[in-house]
Amino acid sequence: MSNSNSLYINPYSLRVNGANREVADSQVSESLLFVLRERLGCTGTKNACTEGECGSCVVLVDGVLTCSCLVLAATVVGREITTIEGLGIAESADEKLLDERGGLLPVQQAFVDEGAVQCGFCTPGLIVAVHDLLEANPNPSEGDVREALSGNLCRCTGYGRILAAVRSACEQMRSPL
Amino acid sequence: MTNVIVARSVDEALATLSEAPDITILAGGTDLMVEINRGLRQLNSVIALAQVPELHRWSIGEDRLMIGAGVTYTTMLNTKLAQAAPALAQAARTVGSPPIRNAGTLGGNLGTASPAGDTLPVLAALNASIVLDGPSGERCLSLEEFMVGVKRTCLAPGELIKAVEMDHLSGGQEYLKIGPRNAMVISMAGVALAVDRKAKQVRCALGAVAANIPRASEAEAWVGERINWDSGTGVDSVLAQEFGQRMAAESSPIDDHRSTAAYRRHAVGVLAARALQRVFSEGTNGYV
Amino acid sequence: MSCLQAAVSAVEHTSVVIDTKERSRDRGVGADVSRPDGVPKVQGRFAFSSDLWADNFLWGHTLRSPHPSALISNIDIGPALAFGGVHAVLLASDVPGQLNFGLDHQDQPVLAADQVRYVGEPVALVAAEHPDIARRAAEAIVVNYEVIAPLTDSEAASEAPPMHPDGNVIRRLGIRHGDLSLTGEVVVEGSYEVGMQDQAFMGPESGMALPEEDGGVELFVSTQWLHVDRSQIAACLGLAEEQVRITLAGVGGAFGAREDLSLQVHLCLLAQHTQKPVKMVYSRDESFLGHVHRHPAKMCYRHHADRQGHLIKVEARIVLDGGAYASSSAAVIANASCFAAGPYKVLAAEVEGLAVRTNNPPCGAMRGFGAVQTCFAHEAQMDKLAAALGMDPVELRLLNALAPGDRLITGQVITGAFPVAEVIRQCAQAPSPVLPPTNDYRDLPGGSGRTTKAEDTVRGTGFAVGFKNLMFSEGFDDYSSAACRVSNGVATITCACAEVGQGFVTLAQQIARTELSVDEVILAPAQTVTSKSAGSTSASRQTWMSGGAVQAACRKVREQILSDVGAKWDVSPDGLVLRDGMVVCIDGQRQASLAQLTAEQDYEADVVFRHVPTQTLDENGQGNIHVSFACAAHRVIVDVDPDLGLVRVRDITTAQDVGRILNPTQALGQIEGGIAQGVGLALMEEIVLDDGLVRNNSFTDYVIPTTLDMPEVTIAAFIEEPEPGAPYGAKGIGEPPTISSSAAVAAAVRDATGLSLERIPIRPYDIALADH
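Protein chains in written order, with the numbering used here: chain A, 1 to 177; chain B, 1001 to 1288; chain C, 2001 to 2772.
Looking at chain A on its own, in the form it has when it is part of the complex (with noise of 0.2 Å):
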């Protein structure tokens, strides 16, 4: 069709967990979620509803948390882009604690140790979540962390574990090891 070349834009770059990505023959329409996923192999961030209800797919960008589903790729160029991919990764004062965790946040160890993972599609959207939220607030209370999770949306665990889980790692990140 002849209107269909027009939706296709000329490649951009994504800053994406520290490292410039190039993204060719991508049409306009396409969301961070899909450039992600499907044209940079970073199938971490999940896709689970595409209208922001879920948080499968919330991601940091210049350090704040975001629904990649509602961002136009696009318009992301030159902002700092982190996956789970990367998470911690870029961060250097967490790098001696990931490694004497065998590369696993506090966050992370504690959803695994406390069964906070069943199926895991929510799991990624989570651990970017919560790390977000310890970052800001390293002592939340029970109702700030249930807030702040709301729109994450697990269908396998009630949460129970989940918020097991979230209390676990404040614990481990005020006495790390």
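No lab work stands behind these hints: they were computed from the structure.
Computed from the model, here is a short list of chain C residues facing chain A with C-beta under 10 Å:
no., residue
1, F2046
2, A2200
3, S2206
4, N2663
Below 30 Å or equal to it, Euclidean Cα-Cα: the simulated DSSO-like pairs (lysine-lysine) are:
no., chain 1, residue 1, chain 2, residue 2
5, C, K2556, C, K2532
6, C, K2345, C, K2384
7, B, K1198, C, K2453
8, B, K1200, C, K2453
9, C, K2453, B, K1080
Every residue gets a Cβ at the ideal spot worked out from N, C-alpha and C, and that includes glycine.
Starting from the known structure of chain A, arrange chains B and C on it as the hints suggest.
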């Protein structure tokens, strides 16, 4: 990237818009991207406003507040704006989840013009002026003038929403909203109340119960006469109930998949009665 | 003591009694072991079925019917083919084999040919180079529909003109038990209704098919049952089963919705036609249309009891709306009917169960499988009866609780463990949590909407008990298969059991460790080429069935090893045990490392594991049709804002019959997760239909519980009474949490409001606008 333009200033945005009035304006993306992801909207070119610094500005004046169209819900919630316009902060806090509140903007809520838009009843109650800029210059409209129907505005081709100005009031404010669960909900019915002690008015507006965002002017007038403005008292439960009924009478809800007209009308009555009692009791301005 | 006797007792010790503390050290059965896929899942490295990639793959898209009922007069695919980047546009006429598919009954077209029977029914397929092109091309296909008035009333369906060649009645069954002339001194009646719930798993339907040189196809897909997918796909493609090679891709939850085919045949058709890899990922909107739902139910009940509260007779009529196609409706109505009276002794019962076709979306398996609907009704009846008798509702349940040796209304005598009374007692006796008044809106009805203060609320407590069968029933040849190989001291387990999040992968490793005293256990991918069927990941059956298969395979390997070592050492294998990675002779004189033994020679075994055979129902609905049962009780505390009809669940306490806990944390996770789905059904989850049209197929409008909707769950007790015949005595635990939790939430809201509330989900207007 000729067909995705990330504007860096209002002037640049206006220049682009004047050249291509049909270009799609993208604010926080929380509504528009849903349509795009669903394939409901064909995109040829887009102008993104999220990185225009002027649109992120806000200021608190003695009588009026100015909030740039690009100010996010998170900003309305986490800055001094929350004290200056408590109901706006309350409304912002009911919008989606933290990442949604980080992205969604006041201008976007207006641009979408959904009757369920959470900030809109608050803006109506605060006598907001919506500042538009475009080919024929700036103009200021009330919400009633701006929002002409369900998801319809009078934004002209080439125009954009620049800022919103609203009253800075000292009296109590409340925004109450009903949804189908305890968080992450689209409004089934919402009530905004703002007390203007100087003008001796209780300003009342309704969300999700009409094709627009009605100010309940008859109920406002009725209740304004029954408050003892010197003491700030006079609101007992009988008065509150009757006020609620009058508010409900000024709603014109519909049945849809989210709820029924009858429930929405009933809910407006209950919410309005509670909101009235809260705005005239002490210490309830914040979220708790 | 002779070496032989000691050895026998030692072997029995390891195989029968599991000491949890002992086993926690070696990460075997009973231990709190973490999931083997936990680390990749928290890192985002775990590959789900939507994460697949192949060189030059195409995107598939499905064109679906916008009408609940219409004849198709003509389809023009020309406009779709005109799109650049489109590689195939397929219609029903392109299906080379059997035109229909279905789990029990092949009545559902792969693609609609001349008629559509529900909104969302697939009509055409497109493969293109970009998902957006595929979608737009599909939308460009011109389908001429002649719209027919849809049949949407399930109660009218059996008398209405047939909307399918197989008629509108999918199954009608009657249960007539005991002396039906009996009546009770106290009689209560009620009519109950359950809305259409969706499984709403997080990972939408997705997969990738690749053409194979032999004309076959390779499919990576998320499913609950690889082999039943394979037989249906092969039939529709006109291929031999061996030519369809399926590998389980990462599954983002299932809950019953992946038991039927969705995109499987479509993907394979597109791959075969284009000779390229084809990937499909449903959008959330499409997912709601693309899988079966929980059956909406309409139920009329009459309970008879004597003055002391003993149940005399239960009469029930149950109508399930099966939607347009049969799916597993026949089995769901059997469950709903068989468990219609609840886990109670009753002298007589007369139940009519009816599953019908309508032009509503097809319904099939969802967690609880028919028992959820009738539990809501029978528990409401029990509360009504208690009120009529002036009796405590918990006492009434205890008085009537079924126990081993009692008969179900199907005449089947319960032979296994079935601690109904204990479950009730433990749950009811658990101390009530202290819930101080709060002013935090997040803990109040209405939540973040700030609608409600503590003084606007009333509190209520509800109690409910439910049960259902474990595993497949009614004479189905239900089996699983597993293979075990031990090499260099490392065990590899091969089993086609679909891991959908439930944690079988953890249990399989634990079982192998316990049986073989190995540390490292590798799980081979679940594939049709390497395994025989493991049966479905449903009916709470995989811990028993595939767990049993893994256990049996490991034991067979152990026997071979011990037999070989015994021969070498000239002792009876009965005098040898496996301990800490060593083969040890009971005399304490000799030992050999398992790693060394299995470096010299691999040991392998594969087994097929079956449960005891079951019967079919006779003409009176009587028969030993089930294998085993599990029950649970829930006590729920709610705060209700009666003026607005808003509810906040404050506490849920549960006790569950689990047989034996194999992994405490995973058990807890299943229970909490199952309860959340029950809370959702009670208060918010419903596919809203308007004359056959689906009004809320999105996560914006189909709402499921968030962190602010789920309270803390308190486990009053896991009742561990080992189940004979089950591996380690463990029962499946996935479904009971969902069965009675909805009923308990509804009971609590009734208690708070005094309303009868005979329908779930309870909508705000059901409370706020009720006639008091």
